Amino acid sequence: MNSIDPVGLANTVLGGALLGGLIALSAVGLSLVLGVMKLVNLMHGQIVVLGAYVAFYLAAFWGISPLLALPIVFVLGFAFTAPVQRFILAPVAKHGEEAGLLTTFALAIILENLFIRFFSGDSRSLDTAFSRETLAIGPINLPTIYLIGFAISLTVCLAVWMLVTRTSFGRSLRASSEDPISAAIVGIHVSRVRWGTFALNGGLASMGGVLIALCFSFTPSSGSEYLLTAFAIIVLGGLGNIMGTFVGGIALGVIQSLGAYFMGDGYRTFVGLVMLIILLAIAPNGILKRRRSL
Amino acid sequence: MKNGISILLSRIATPTRVGPRDFIVVAVLAAVAFAVPYFAGTYQQEVGFRILQLGALAAAWNIAAGYTGLVSLGSAAFFGIGVYTMAIASNAGLPIALCVLLAAVMAGLFALIVSPALFRLRGLYFTVGTLALAEAMRIFVVNSPWFGGQAGIFLTARAPKAYDLYWIALLIAVFVVVCVLLLLRSRWSYRMQAVRDDEDVASQLGVRTYRTKLWAFGLSGALIAIVGSIQALNQGIVQPNGGFGMSWTIDIVSVAIIGGMGTKVGPWVGAVFIVLLGEFLIQFPEIHLAVVGVVLVLVIRFMPNGIWGTLTLALQKNRNFS
Amino acid sequence: MTAVLQLESITKSYGGVRALDSLSLHVAPGEVLGVIGPNGAGKSTLIGVIGGALTPNSGTVTFDGRDISKLSSADRARLGIGRTYQIPRPFTRMTVADNVRLAATNSGHHISQRELEPFVAGILERLGLTPFAEEVAGKLPLLRRKRLELARALALKPRVLLLDEIGAGLVRSETEELIAIIQSLRTEVESMVLIEHVMDVISQCCDRTAVLDFGKMVTVDETPKVLADPVVASLYLGSVAESADTVVVDEGKRAAIRASLTSLVSAPNTAPGTPLLTVDDVWVRYGGLNALKGVSLSVNPGECIALLGANGAGKTTMARSLAGAVPLTSGTISFAGKSIAGLRPDEVTALGIAQCMEGRKIFGTLSIEENLIAGGLDARKHVKAERLEAVYSIFPILKQRRKNSGTALSGGQQQMLAIGRALMSAPTLLVFDEISLGLSPIAVDEVYEALGAIRDSGVSMIVVEQSVDRALGLADRAMVLGQGEITLEGKPAELLADARLLSSYLG
Chain A
2 MNSIDPVGLA NTVLGGALLG GLIALSAVGL SLVLGVMKLV NLMHGQIVVL
52 GAYVAFYLAA FWGISPLLAL PIVFVLGFAF TAPVQRFILA PVAKHGEEAG
102 LLTTFALAII LENLFIRFFS GDSRSLDTAF SRETLAIGPI NLPTIYLIGF
152 AISLTVCLAV WMLVTRTSFG RSLRASSEDP ISAAIVGIHV SRVRWGTFAL
202 NGGLASMGGV LIALCFSFTP SSGSEYLLTA FAIIVLGGLG NIMGTFVGGI
252 ALGVIQSLGA YFMGDGYRTF VGLVMLIILL AIAPNGILKR RRSL
Chain B
308 MKNGISILLS RIATPTRVGP RDFIVVAVLA AVAFAVPYFA GTYQQEVGFR
358 ILQLGALAAA WNIAAGYTGL VSLGSAAFFG IGVYTMAIAS NAGLPIALCV
408 LLAAVMAGLF ALIVSPALFR LRGLYFTVGT LALAEAMRIF VVNSPWFGGQ
458 AGIFLTARAP KAYDLYWIAL LIAVFVVVCV LLLLRSRWSY RMQAVRDDED
508 VASQLGVRTY RTKLWAFGLS GALIAIVGSI QALNQGIVQP NGGFGMSWTI
558 DIVSVAIIGG MGTKVGPWVG AVFIVLLGEF LIQFPEIHLA VVGVVLVLVI
608 RFMPNGIWGT LTLALQKNRN FS
Chain C
46 MTAVLQLESI TKSYGGVRAL DSLSLHVAPG EVLGVIGPNG AGKSTLIGVI
96 GGALTPNSGT VTFDGRDISK LSSADRARLG IGRTYQIPRP FTRMTVADNV
146 RLAATNSGHH ISQRELEPFV AGILERLGLT PFAEEVAGKL PLLRRKRLEL
196 ARALALKPRV LLLDEIGAGL VRSETEELIA IIQSLRTEVE SMVLIEHVMD
246 VISQCCDRTA VLDFGKMVTV DETPKVLADP VVASLYLGSV AESADTVVVD
296 EGKRAAIRAS LTSLVSAPNT APGTPLLTVD DVWVRYGGLN ALKGVSLSVN
346 PGECIALLGA NGAGKTTMAR SLAGAVPLTS GTISFAGKSI AGLRPDEVTA
396 LGIAQCMEGR KIFGTLSIEE NLIAGGLDAR KHVKAERLEA VYSIFPILKQ
446 RRKNSGTALS GGQQQMLAIG RALMSAPTLL VFDEISLGLS PIAVDEVYEA
496 LGAIRDSGVS MIVVEQSVDR ALGLADRAMV LGQGEITLEG KPAELLADAR
546 LLSSYLG
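Chains A, B and C supply the protein sequences, listed in that same order. Just add 1 to wherever you are in the first sequence, counting from 1, and you've got our numbering. Just add 307 to wherever you are in the second sequence, counting from 1, and you've got our numbering. Just add 45 to wherever you are in the third sequence, counting from 1, and you've got our numbering.
The hints are simulated quantities; they were obtained by calculation from the structure and are not laboratory data. All values reported here derive from a predicted model rather than from experimental measurement. Cβ coordinates follow ideal geometry from the N, Cα and C atoms, glycine included. Worth double-checking, as some hints may not be accurate.
Said to hold, decoys possible - Ranges of calculated distance between the beta carbons of each label pair, as one might list FRET restraints:
#: 1; chain 1: A; residue 1: T168; chain 2: C; residue 2: S438; range: 23 to 29 Å
#: 2; chain 1: A; residue 1: R193; chain 2: C; residue 2: D325; range: 28 to 34 Å
#: 3; chain 1: A; residue 1: V8; chain 2: B; residue 2: Q590; range: 52 to 58 Å
#: 4; chain 1: C; residue 1: E170; chain 2: B; residue 2: L622; range: 25 to 31 Å
#: 5; chain 1: A; residue 1: G139; chain 2: B; residue 2: L401; range: 54 to 60 Å
#: 6; chain 1: A; residue 1: L164; chain 2: C; residue 2: S438; range: 52 to 58 Å
#: 7; chain 1: B; residue 1: G543; chain 2: A; residue 2: I5; range: 41 to 47 Å
#: 8; chain 1: B; residue 1: L622; chain 2: A; residue 2: G122; range: 43 to 49 Å
#: 9; chain 1: B; residue 1: L588; chain 2: A; residue 2: D123; range: 19 to 25 Å
#: 10; chain 1: B; residue 1: F346; chain 2: C; residue 2: D120; range: 55 to 61 Å
#: 11; chain 1: B; residue 1: V339; chain 2: C; residue 2: A178; range: 34 to 40 Å
#: 12; chain 1: B; residue 1: A338; chain 2: C; residue 2: S229; range: 49 to 55 Å
#: 13; chain 1: C; residue 1: A542; chain 2: B; residue 2: A621; range: 56 to 62 Å
What the hints assert, rightly or not - Quick list of in silico lysine-lysine cross-link-like pairs, BS3-like style, CA-CA up to 30 Å:
#: 14; chain 1: C; residue 1: K184; chain 2: B; residue 2: K624
#: 15; chain 1: B; residue 1: K624; chain 2: A; residue 2: K95
#: 16; chain 1: C; residue 1: K448; chain 2: A; residue 2: K39
#: 17; chain 1: C; residue 1: K298; chain 2: C; residue 2: K429
#: 18; chain 1: A; residue 1: K95; chain 2: C; residue 2: K338
#: 19; chain 1: A; residue 1: K39; chain 2: C; residue 2: K184
#: 20; chain 1: C; residue 1: K338; chain 2: B; residue 2: K624
#: 21; chain 1: A; residue 1: K95; chain 2: C; residue 2: K429
#: 22; chain 1: C; residue 1: K383; chain 2: A; residue 2: K95
Claimed, not checked - Facing chain B, a subset of chain A residues (Cβ under 8 Å, in silico):
#: 23; residue: A61
#: 24; residue: E98
#: 25; residue: L102
#: 26; residue: L103
#: 27; residue: L108
#: 28; residue: I117
#: 29; residue: R118
#: 30; residue: G267
#: 31; residue: T270
#: 32; residue: L277
Just chain A, with the same shape it has in the complex (with noise of 0.2 Å):
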């Protein structure tokens, strides 16, 4: 047995946590669609992945830095998604929540595939400028990226929170998602809602997309890790609450980091889906409870 290193786990821990805080990005949208659509969003890590591969390709064809591109990345993702929603999902609503669950799985497996196809099995990675730095506080070392992408991510997750908190749209979406029928009698255009919910999380997805792939190597495959992991955020968050979801991210990445250190750094994923399991079965509402009114 190796004794604890004090300063070794700080650095894990402190890591861990920025590291979920970026994560986290790409789990936003994923709550907002599951309360407004009352759909796990099955494809969701592979618009993940999507956002991921276009950053590498503009960086690759135009040289344009991801950082950079988070933007352009969140419109492609945005216009991509809506039309998913709009011709694919919505007509098969009227079947029930299970044809619109089999249905993303469907569209997962047809994206997985053509992403093969066209970019390659090849593991991928993005390199920015900050890559290989590292900042250093007193004795802990932590990378610069982690850094830069977690401000990133709660800039926009405070951004999403204003949206949804502070706007016509954000309260046409919290009335949709509460509940449906009687929006739509007061007046609420709700299949416009569930459009817009759904391509503002594919946007957000991309970004998502782009802080991982700055940290991580992934693969066309990479979808379904994804996917789990941001959906251990949301339910560690409490569903459908937004800066819960921030915060669960983070939790869940000190978790898997202090998994990674004691068990080893396969188990980083593990951990988090063992975790997932057990909140799934204690708390299926999540572990910070949702205010009632955000």
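Dock chains B and C against the given chain A, drawing on the hints supplied.
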């Protein structure tokens, strides 16, 4: 759920009836299938193996998903358990038949262990829980020191010939079919379907829902593990990404849905469709899967009862009019 | 004599609302007990608690001297408690016979494979379901679904049978059939509990009848005595004299409200002399049930219509189809000269029909102010602000608590919020669906005070109500729905004098 009724109405398949005729049909088809290696080449036997394998997997999945409403995306976990049990047990020198039995027992135990957590989840959350479970199993097997890591385990047993494999697969397929038919003849059939249609009402009518779900989920998993154990023999080597890979779940789900969930014949129709499509696109495996995805999207939207369910409904309507 | 079933101070709350409030009740052997009470009195909750589907917050349920409070509903069914659902819940993808077989094979009684088929056939025969035995249950129309509910419960061979509104939504001849069946059961079932709105069933079947209101026992006694009790009649119809006296009319306040309302309602855009709303031969059918069977009515500009009727008569379906939330099977609805068939609910609202939905449907994740704004999304910013102020001046309590969650209000205040939200779209026609439901008498007074002011503003209104006197006190014209058809129509005074009005409620 307010519009539950309309949703269910759109998914009414033919009622489940099992009579002696079904067993005769199975016997005749099995006899015909048994003769295939005598006049077909190795390639045809391999295709036949694949159809029997996928059909048996989908029929087993259908017990939980189609009849009991437990739509699982965790089939790879059960399949992987079958694959690894065969590898470890046969390398330890146990006879093959015993290894197959052991695979089923291990899968049943696994279902028993995870059921307290999984059965608290309903609907979509159950599905996500099973998906997480299968991924967790894969990662665990990759990382733990006992299963040979990414490299996997070689089987010391001699690899069976193509026709042997085909016959074993046929035997198992017949076993799965007979299991399904017997189950559908038994009182469990009503219980499972009642739990699927309305769990609360089932309980109000005396059905012990937890037990019913556990039987269905466990039996479904055990049968999947049996098929998995044969796959280990077929490959000669077992690896986490092969045994516990998502691709098995994808195959099973697409075969069952395209053929028709909750129908006796659907899984076999689906298996023939998917395997023949795969042979047609053999040069482009990823295109094959993408096409399967597209077909899946179309079937869910336009034929929610799958190929077989839609066919039988159409036949019924014809009969009513004439 | 010991009771078969004994409930001891049962309390069941849903998020602050007490559906049952320390209720005690016993059922004697050989007895048929009726349970009546207005909508929301806690009757279905009572059955849920006995059957085990709902866990009470406190209190015990004793069956045959044994405390069964901790047993699952499956175990209670096996002990001999059978129940039916108010809205039938057949296993829709199984055949009718399989539905019955399921219950027969999971009861506490063992049944061999040889006995099973004759047993199932006997039950199907008895309930007239034999011709449909091999049909998928999801295709059955309502009456057969109700029979199937009963068939399944009987297949359990229960000792106590709990029947939840078995007569609701049926026509008289169908109800009579059911009464005959229930009476024939007396010899084989030890006791029965019948929840009913159809008084024929109560008066012909029940030995004793309990009356519930707000989750509390009002009275329990022999059925004829209970039905003759004036307290019971007033629970259903309310008492006109009482409410008219208690409302003190503050003229100054009324004038202020009237001023505020001018910005909250719109003048109809129709040619003079033509009706604002015309409903022509509307049929609505879902899940095998004809909820509306050829309803025609019209509303003139500035007119207030009361739409009355017992539970299950089709009132809410009518309100929902006016909102565009229920597709019409046939018939037309035109509003201000335009057909609204096929429009989305939000488009209907934009045309000028606003709804106060049954159950209020306040969004708990939105603040009070946000709930109001959600009602007037299309308006320009300054118009929205103006309307908001107008609503606040009518209901000052909403302004005081505008930042709180919409569901943090009391029932009466939530209803005011719902009314305010409907006004935010400045409608030409307002539909109020069961707005007195579950409110205390004082809260109902306050709500109806507001409704009176709204009527005086000249907007057209449809008031869908169970509480007859309130609605008639407000309306220019009234209609009574029964079994999906309009059975009575006339001026409020004429209707009140008509004996058929009471009989449409009490049978």
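Verification of the hints:
1. A:T168 - C:S438: 23 to 29 Å: Roughly 26 Å apart at Cβ, these two residues keep to the hinted range, so it holds.
2. A:R193 - C:D325: 28 to 34 Å: About 31 Å separates the Cβ atoms of A:R193 and C:D325, which means 28 to 34 Å holds.
3. A:V8 - B:Q590: 52 to 58 Å: Taking Cβ atoms as reference, A:V8 and B:Q590 lie about 55 Å apart, which means the hint holds.
4. C:E170 - B:L622: 25 to 31 Å: For C:E170 and B:L622 the Cβ distance comes to about 30 Å; the hint holds.
5. A:G139 - B:L401: 54 to 60 Å: 58 Å, holds
6. A:L164 - C:S438: 52 to 58 Å: 31 Å, violated
7. B:G543 - A:I5: 41 to 47 Å: 44 Å, holds
8. B:L622 - A:G122: 43 to 49 Å: 44 Å, holds
9. B:L588 - A:D123: 19 to 25 Å: Since the Cβ atoms of B:L588 and A:D123 sit about 22 Å apart, the hinted range of 19 to 25 Å holds.
10. B:F346 - C:D120: 55 to 61 Å: 58 Å, holds
11. B:V339 - C:A178: 34 to 40 Å: 35 Å, holds
12. B:A338 - C:S229: 49 to 55 Å: 54 Å, holds
13. C:A542 - B:A621: 56 to 62 Å: 59 Å, holds
14. C:K184 - B:K624: 14 Å, holds
15. B:K624 - A:K95: Within the cut-off at roughly 23 Å; holds.
16. C:K448 - A:K39: Roughly 27 Å between the alpha carbons, so the hint for C:K448 and A:K39 holds.
17. C:K298 - C:K429: 23 Å, holds
18. A:K95 - C:K338: This hinted pair holds, its Cα atoms lying about 26 Å apart.
19. A:K39 - C:K184: 27 Å, holds
20. C:K338 - B:K624: Cα-Cα ~28 Å, so holds.
21. A:K95 - C:K429: Not satisfied, since the Cα-Cα distance of roughly 34 Å exceeds 30 Å.
22. C:K383 - A:K95: 28 Å, holds
23. A61: 21 Å, violated
24. E98: At about 6 Å, which falls below the 8 Å cut-off, the nearest Cβ of chain B leaves the hint on A:E98 intact, so it holds.
25. L102: 6 Å, holds
26. L103: This interface hint holds because 6 Å falls under the 8 Å limit.
27. L108: Hint on A:L108: holds, closest Cβ of chain B at ~7 Å, below 8 Å.
28. I117: 4 Å, holds
29. R118: With a closest approach of 5 Å, the A:R118 hint holds.
30. G267: Holds, because the Cβ-Cβ distance from A:G267 to chain B comes to roughly 4 Å (cut-off 8 Å).
31. T270: A:T270 check passes; min Cβ-Cβ to chain B is 5 Å, inside 8 Å.
32. L277: For A:L277, the interface hint holds, since the closest Cβ of chain B sits about 5 Å away, which is under 8 Å.
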